[in-house]
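With chain A fixed as given, assemble chain B onto it according to the hints.
Chains A and B, in that order, are what the protein sequence lines are. Position one of the first sequence corresponds to residue 1 (our numbering), numbered consecutively onward. Position one of the second sequence corresponds to residue 1 (our numbering), numbered consecutively onward.
Treat the hints with care, as some may be off.
Within a straight-line C-alpha distance of at most 25 Å, the following computed SDA-like cross-link-like pairs (lysine to any residue) qualify [what the hints assert, rightly or not]:
1. A:Lys-57 with B:Gln-357
2. A:Lys-473 with B:Arg-94
3. A:Lys-9 with B:Gln-357
4. A:Lys-488 with B:Gln-71
5. B:Lys-185 with B:Glu-175
These stretches of chain B come out as covered by chain A in the derived footprint (C-beta under 8 Å, 3 or more residues) [stated by the list, open to error]:
6. 161-171
7. 190-202
8. 355-362
9. 391-400
Calculated from the structure, these hints are not laboratory results. Even for Gly, the Cβ is constructed at its ideal location relative to N, Cα and C.
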Amino acid sequence: MQSWNLIIKQLLLGSAQAGPLPKESQLQLEHWQLQHIGQEQLEVQYLQALAAQSLFKKAELPFGQLPEDAPKTIKIQDEQTAAPKKASWMLQQILSRRQEELLPAWIDLAHSQNWRVAPDNLADILTFGNRHKELRADIISVLGQTGRYLAQFKRNWSYAAIKVLEEKDLEQADFASLLFWLQQERRLAPANALKIIQQYWSEWSKKQRLEALELLQIQLRKTDEVFLEEVQNDRRQEIRQAAVELLLLLPNTSLEKRIQTALGQLIQYDGQLLSITTPEQLSAELKKDGIREHYQAFSEGKSSNWLAQMIASVAPNYWCKSWGLSPMDCIRLALGSDYRQALIWGWSKAAHRLKDLDWLMAFHQLFMQNEPKGKQALFFSLEFLYYDLPNSFFNELAMAYLQASGKNSIDDEDPVMQLLLQEGQNWDAELGRHVLEAMKISLAQGFSVFQWNHKTLLKRAAFALDESLFEDKELLNHWPQLDYSWQKELDQFSAQISFRKELAQLKAL
Amino acid sequence: MNWTSSEISALAPDAATENRARRLAQAPKWEELGQYKNCIWGYCKGAGIGSMAYEVKIYLKGPELLCNCAQRQAHCKHALALLFLFVESPRLFRQKTPPHNILNWYLQQQPQNSPTTASPLDPKELEKKRLAKAKRQAKKLEQMEAGMEELEQWLQDFSRQGFAQLPVQDKIFWEQLAQKMTDAKMSRLAYGLRETAQLLPYQSNWMDFLGQKIGELQLLLQSFKQRDKLSPLQLEDLLDALGRVQRKKDIVAQNKPIQDQWLVLALLEEVDAEGRNMRRVWLQGLQTGKNALLIDYSFGSRGFEQNYFLGQLLEAALYYYPSAYPQRAILQEQQQSTQKGPFQIQMAENWQAAQKQYAQALGKNPWLNYQLFLVQNLQLQQQADESFILLDQNGQYLPFQTKIEQSLWRILAYAAEANIHLIGEWQNGQFRPLSIFKQGQPQAL
Numbered sequence: 001m002q003s004w005n006l007i008i009k010q011l012l013l014g015s016a017q018a019g020p021l022p023k024e025s026q027l028q029l030e031h032w033q034l035q036h037i038g039q040e041q042l043e044v045q046y047l048q049a050l051a052a053q054s055l056f057k058k059a060e061l062p063f064g065q066l067p068e069d070a071p072k073t074i075k076i077q078d079e080q081t082a083a084p085k086k087a088s089w090m091l092q093q094i095l096s097r098r099q100e101e102l103l104p105a106w107i108d109l110a111h112s113q114n115w116r117v118a119p120d121n122l123a124d125i126l127t128f129g130n131r132h133k134e135l136r137a138d139i140i141s142v143l144g145q146t147g148r149y150l151a152q153f154k155r156n157w158s159y160a161a162i163k164v165l166e167e168k169d170l171e172q173a174d175f176a177s178l179l180f181w182l183q184q185e186r187r188l189a190p191a192n193a194l195k196i197i198q199q200y201w202s203e204w205s206k207k208q209r210l211e212a213l214e215l216l217q218i219q220l221r222k223t224d225e226v227f228l229e230e231v232q233n234d235r236r237q238e239i240r241q242a243a244v245e246l247l248l249l250l251p252n253t254s255l256e257k258r259i260q261t262a263l264g265q266l267i268q269y270d271g272q273l274l275s276i277t278t279p280e281q282l283s284a285e286l287k288k289d290g291i292r293e294h295y296q297a298f299s300e301g302k303s304s305n306w307l308a309q310m311i312a313s314v315a316p317n318y319w320c321k322s323w324g325l326s327p328m329d330c331i332r333l334a335l336g337s338d339y340r341q342a343l344i345w346g347w348s349k350a351a352h353r354l355k356d357l358d359w360l361m362a363f364h365q366l367f368m369q370n371e372p373k374g375k376q377a378l379f380f381s382l383e384f385l386y387y388d389l390p391n392s393f394f395n396e397l398a399m400a401y402l403q404a405s406g407k408n409s410i411d412d413e414d415p416v417m418q419l420l421l422q423e424g425q426n427w428d429a430e431l432g433r434h435v436l437e438a439m440k441i442s443l444a445q446g447f448s449v450f451q452w453n454h455k456t457l458l459k460r461a462a463f464a465l466d467e468s469l470f471e472d473k474e475l476l477n478h479w480p481q482l483d484y485s486w487q488k489e490l491d492q493f494s495a496q497i498s499f500r501k502e503l504a505q506l507k508a509l
Numbered sequence: 001m002n003w004t005s006s007e008i009s010a011l012a013p014d015a016a017t018e019n020r021a022r023r024l025a026q027a028p029k030w031e032e033l034g035q036y037k038n039c040i041w042g043y044c045k046g047a048g049i050g051s052m053a054y055e056v057k058i059y060l061k062g063p064e065l066l067c068n069c070a071q072r073q074a075h076c077k078h079a080l081a082l083l084f085l086f087v088e089s090p091r092l093f094r095q096k097t098p099p100h101n102i103l104n105w106y107l108q109q110q111p112q113n114s115p116t117t118a119s120p121l122d123p124k125e126l127e128k129k130r131l132a133k134a135k136r137q138a139k140k141l142e143q144m145e146a147g148m149e150e151l152e153q154w155l156q157d158f159s160r161q162g163f164a165q166l167p168v169q170d171k172i173f174w175e176q177l178a179q180k181m182t183d184a185k186m187s188r189l190a191y192g193l194r195e196t197a198q199l200l201p202y203q204s205n206w207m208d209f210l211g212q213k214i215g216e217l218q219l220l221l222q223s224f225k226q227r228d229k230l231s232p233l234q235l236e237d238l239l240d241a242l243g244r245v246q247r248k249k250d251i252v253a254q255n256k257p258i259q260d261q262w263l264v265l266a267l268l269e270e271v272d273a274e275g276r277n278m279r280r281v282w283l284q285g286l287q288t289g290k291n292a293l294l295i296d297y298s299f300g301s302r303g304f305e306q307n308y309f310l311g312q313l314l315e316a317a318l319y320y321y322p323s324a325y326p327q328r329a330i331l332q333e334q335q336q337s338t339q340k341g342p343f344q345i346q347m348a349e350n351w352q353a354a355q356k357q358y359a360q361a362l363g364k365n366p367w368l369n370y371q372l373f374l375v376q377n378l379q380l381q382q383q384a385d386e387s388f389i390l391l392d393q394n395g396q397y398l399p400f401q402t403k404i405e406q407s408l409w410r411i412l413a414y415a416a417e418a419n420i421h422l423i424g425e426w427q428n429g430q431f432r433p434l435s436i437f438k439q440g441q442p443q444a445l
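Just chain A, with the same shape it has in the complex (with noise of 0.2 Å):
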């Protein structure tokens, strides 16, 4: 090595300056008889060292020896078994071709087996859970011990690097598994989750704190309400928005009370007609109630602004009971008042915010019937009422969408392709058949290379099928004669609906 050494630095200095050749490596020469020493020039002789030495140093590994005290690696024992090759190669083709809507169903089916990810696929679902917060917690759920130990090794991964605690384990628990124990106990026991987030509260920063109040959507209930009241009062103005946001989704909360006490004042209804005033100024307790100064979604002026704000606070219901009147009859008195733009928007908010069914279909008769045009149009989109319905209120509204609408095929314009085109929300049988054979009726009856939503629709159907539909072949196989463009799309569906079956095949095992 110090030959080696000798050399290197004399060859980059040149044999101009260079010594003799150092002993060894004149001595090694000599014994594989490269070259009568001392009779060639000292570039030479050097150039003749450095080869001899460069296949020593080639066949030199770069081995290091760890101490013998080093500790030992612990390897860890799963009590869950990897899954199989099969649904291991599912799940990478479920992760690598962006088919999220799929993965739930995956998690479904380790849980049934008791399956964890394969050490394969851990690395791609630690990272598809990174960009996919709503579903970290189901993924934690199937990483097994070998999955949280490797989340560890990356920053986007430490959502995932939690220890299974018990509860006397919590004291000296980090963050994150404290986070996913309230996770779980929450589904559980929702009292005593909140009972630990309220006794580690003061300890939390304002980060954590938005975190804890997050899971608190889990089994959101009446007793929430002291705690949720106290956090008001937090001094971050985002916390306290936070606990607004949840409290709002309670029936019959002393912050609603609160509201409906003010609005009393500024909305009366004698049986035939609407009086409004708008507040004159916001007030500390309606700022404290989550009230904002300026609400950017709402874009008229500002006393109107602060209306329509507070009207998003109570329930729609309420003013059913109040004036006696139906949802529907609601509508229509506030379509015929001056502030009809902030009695529509603050209901349909309220009535979406607390799925109220009754409410929701009233709005959506309204469009199915005619969308209020000319002087009542409103300046707001209500495209929001389509997102987060409950699925099965989505299957009826499709179905009353679709009958409404009086043809037995669907325009790639039709109003009721925003609702269809939900994603997340799966179709019942009934529905699923009649979207299909809606969807033949209509390309049959002509097709193009830009119907873009009928595409979008189909590629929709792909994960929206009702499983039971799989064995009808009638419906999923036979299509009108179609172009190369919706051929491809075509393949695609058929290919969807393949790997689906599998995927349910593989469960049904």
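Relative to chain A, chain B alone:
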């Protein structure tokens, strides 16, 4: 041969083609599906209305896939789709006599029992050929000698002036010398120079790296000058290291085959220093325990001539290139084996044993570029600087590099549960893990 979906996926040139093939693997899209012994075929309806059907035929034991579509890739979506369809619904393929052209093609795929012997040539013709070959070789040698003189001068000049200025030279400087070596029929040597120019700026210890490369050049030069003293096999190695081109059919004709079941242990595709798509496939014979390396290149989007996948077992005749340490080889008359494993392979017990094998190999062929390392019972540990090491049972460890981040995580996940048997390649002073041997099967990293 029982094919599986994942094995077919491994044949796909890319994920997009595989996706398209899966979509096409549906009975309504195919006509006249048939099977005859180890051959399947079918006609895929074209996508456009009234378009022609593509004829696809597959020799299952090869596997050899052929489609008459315009796609220039080795395996098009139609060929893969037919294979997918065969795996999913074999009953659709009725046993029948294939059309004439398919039958002919199938017969060509069948391994020949005896190598075809060319008709004997006229002795005069033979002598003429021999003389022409000798003349060509003499001329080539003359060119090589001239190239070597150039190299010698170059090395001595820099030895006199000092190599310290080499790292600051731009690529053209190296390219000029590489061009001269190419002109002197020493393409491998030229490749080595280009590779050095590419790798040098990225070396943390560039002095050692440069010393190593210069030393290798001098060793080649010195050996070439004293080639009369080398054994015939050593001379073969030297000529290979310089860049002699050998035709595969000559290797097959001049060497004895080794008949064995060859297990694909590792695969690696990369772009080499000259921008070519290069693939290295490492095999081990299950009976002989010999390792072999298949090297091939693909040009443009055509893909590689043959397709291999990890864990594939091939019953084949293997011809090593003549060498004092036989490693590079050609596979002929290959047939997919029906055996599915688990397999038993020869592995080194620890790093020391692997190094010993490597040192012995270098003793025989000092110009070895790649060496397969198969080491048992390794653990993965993270060091204080967050780098990872592979630790054997004796506490000896080796740092390693993975070009794909995913590989590191897979090793880490596997190693967390049990000691791992690792298969990797040693090249340019670095160890690169390529696969893991688990439950008697190599698995991809």
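Against the structure, the hints come out as follows:
1. A:Lys-57 with B:Gln-357: Answer holds: Lys-57 (chain A) to Gln-357 (chain B) is near 15 Å, not above 25 Å.
2. A:Lys-473 with B:Arg-94: Holds, because 23 Å separates the two Cα atoms, which is no more than 25 Å.
3. A:Lys-9 with B:Gln-357: 31 Å, violated
4. A:Lys-488 with B:Gln-71: The hint holds at about 18 Å.
5. B:Lys-185 with B:Glu-175: This hinted pair holds, its Cα atoms lying about 15 Å apart.
6. 161-171: Holds, because 4 residues of the region 161-171 of chain B bring their Cβ atoms closer than 8 Å to Cβ atoms of chain A.
7. 190-202: Violated, because only 0 residues of the region 190-202 of chain B bring their Cβ atoms closer than 8 Å to Cβ atoms of chain A.
8. 355-362: As far as the region 355-362 of chain B goes, the hint holds, because 4 residues have Cβ atoms under 8 Å from chain A.
9. 391-400: holds (count 6)
Going down the numbered hints, you'll see the structure goes against 3, 7, while the others check out.
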